[in-house]
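Colleague: Sequence:
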Amino acid sequence: MASSSNSSIHNSFKYDVFLNFGGKDTRNNFIDHIYYALQQKSIYTYTDDKRIKKGERISDELLGSIEDSKFYIIVFSENYASSSWCLDEQLKIIECQKITEHTTYPVFYDVEPSEVRKQSGAVREAFAKHGNKEVAGKWREALKEAANMVRWELKNIADGVSLKYRHEAKFIQKIVEELSLELRDGF
Numbered sequence: 034m035a036s037s038s039n040s041s042i043h044n045s046f047k048y049d050v051f052l053n054f055g056g057k058d059t060r061n062n063f064i065d066h067i068y069y070a071l072q073q074k075s076i077y078t079y080t081d082d083k084r085i086k087k088g089e090r091i092s093d094e095l096l097g098s099i100e101d102s103k104f105y106i107i108v109f110s111e112n113y114a115s116s117s118w119c120l121d122e123q124l125k126i127i128e129c130q131k132i133t134e135h136t137t138y139p140v141f142y143d144v145e146p147s148e149v150r151k152q153s154g155a156v157r158e159a160f161a162k163h164g165n166k167e168v169a170g171k172w173r174e175a176l177k178e179a180a181n182m183v184r185w186e187l188k189n190i191a192d193g194v195s196l197k198y199r200h201e202a203k204f205i206q207k208i209v210e211e212l213s214l215e216l217r218d219g220f
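Residue 164 in the numbering used here sits at position 131 of the sequence shown, and the numbers go up by one each step.
Just so you know, the hints here were simulated from the structure itself, not pulled from any lab data. Be aware that a few hints might be false.
[What the hints assert, rightly or not] Label-pair ranges, simulated between beta-carbon atoms:
no.: 1; residue 1: N181; residue 2: D143; range: 30 to 40 Å
no.: 2; residue 1: R217; residue 2: R157; range: 35 to 45 Å
no.: 3; residue 1: K203; residue 2: N61; range: 14 to 24 Å
no.: 4; residue 1: T136; residue 2: H66; range: 13 to 23 Å
no.: 5; residue 1: K57; residue 2: A202; range: 34 to 44 Å
no.: 6; residue 1: E167; residue 2: D218; range: 39 to 49 Å
no.: 7; residue 1: D218; residue 2: D101; range: 34 to 44 Å
A virtual CB, placed ideally from N, CA and C, is assigned to each residue, including glycine.
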């Protein structure tokens, strides 16, 4: 999908937003909804299932797209840390943010920031399955760093009542509005 002429991408960026997420938990619901909400606001967004061309090496395409994006939305979910792809992307995002004018927005989707920061619960279980990979220490540090950033949180349960479907649309609308303002003000 082409970006509209109203897009606020700086000349040095190909995309306004790069979405980093665990597909198992969020691809066919939250990510699909936020992707289309961003597109409706002419926010040019990269997501791997929409942009990778047949025959391209996935890692090269993803890493290049991370570098070519102004904003990052990292969607932490229950199974996020189970994916080495997610963790590699997130590591690259944190590296890019440190050296250039990128901005990262973590979203905690039915997972507590403290679980990501302290690497407990599902995150701890995921790292146990990764074993002693050399890159695991870097992944852990990047997770801690992202969990300490200003963030958005969507919790599934409040006072024992499921709120996910009632508030997810409002939650996405808030994210899109804030990014729209950031893009407009930054141009």
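Colleague: A separate judgement is required for each hint: does it hold in the structure or not?
Modeller: We went through each hint and held it up to the structure:
At about 20 Å, the CB distance of N181 to D143 disagrees with the hint of 30 to 40 Å. About 40 Å separates the C-beta atoms of R217 and R157, a value consistent with the hinted range of 35 to 45 Å. At roughly 20 Å, the beta-carbon separation of K203 and N61 lies within the given 14 to 24 Å, and the hint holds. For the hinted restraint 13 to 23 Å between T136 and H66, the CB-CB distance of approximately 22 Å keeps it satisfied.
The given range of 34 to 44 Å is broken by K57 and A202, whose C-beta atoms sit roughly 22 Å from each other. Distance hint for E167 and D218: a CB-CB separation of about 41 Å, consistent with the stated range 39 to 49 Å. Evaluation of the 34 to 44 Å hint for D218 and D101 yields a failure: the beta carbon distance comes to about 21 Å.
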